[in-house]
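Build the full structure now, drawing on both the sequences and the hints.
FYI, in numbering that gives the first Met the number 0 the residues of the sequence shown are 0 to 251.
Calculated directly from the structure, the hints in this document are not laboratory data. All the pointers check out, no bait thrown in.
Here are the simulated EDC-like cross-link-like pairs (lysine to aspartate or glutamate), alpha carbons at most 20 Å apart as the crow flies:
#, residue 1, residue 2
1, Lys-131, Asp-184
2, Lys-89, Asp-51
3, Lys-19, Glu-9
4, Lys-80, Asp-91
5, Lys-85, Glu-72
6, Lys-85, Glu-55
7, Lys-131, Asp-22
8, Lys-19, Asp-128
Quantities reported herein were computed from a predicted structural model and do not represent experimental measurements.
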Amino acid sequence: MAVPLTTLVEEADRYLGSAKIADYCPNGLQVEGRPQVMRIVSGVTASQALLDAAVEAQADLVLVHHGYFWKGENPCITGMKQRRLKTLLKHDISLLAYHLPLDLHPDVGNNVQLARQLDITVEGPLDPDNLKVIGLVGSLAEPLSPRDFARRVQDVMGREPLLIEGSEMIRRIGWCTGGGQGYIDQAIAAGVDLFLSGEASEQTFHSARENDVSFIAAGHHATERYGVQALGDYLARRFALEHLFIDCPNPI
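The structure is reproduced here in structure tokens:
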């Protein structure tokens, strides 16, 4: 059963509330393909590898977290960008991308979905006084040592995380998927035992070590696989469509 592209995009925009969220890129329909959609392929990033896989899967629409046209980038359609757009246009495939709206959503959002994967009970925002801070705080049902929690992360993510180990057992956790390592100071202020993000910066080590807070970097790509899958599943259920998530592994 096919659904009009315009209907699907309107529902995704409404569901995520994307018009109300300022971002570094356009959210919603970035490339327009055929007017009817039957099969969605989702993935974290609209890389050439994902687009080639979508063509092979005969997708009508590609749904991603990391799309195109980022603020400050060169607007010229050359090189890698030309090849990616040519693939979409040649095969009449639409590209639908949601960045911050997919991080923030209370049901299909990356942060909420990661909490479900790691059995963390969500308690609220990382910084209740500044909702521009993207991240959450929560707790474990039973306290774990930093190494035991890191093993849980490894089992879920399928990759060994970077662990900076503090001295306390892990009860209260703050986290932000992707490149959220800069929020470690807000996490420390929130009184967490551990902060988790996708990436780490040089200064992250010092913030964690000098405040005796454990820190885990579990991978930008790895921590953001779950939101786009959940959104794709939602749209597939809503419109009785086919949905296939394709993971193009990325060690970063």
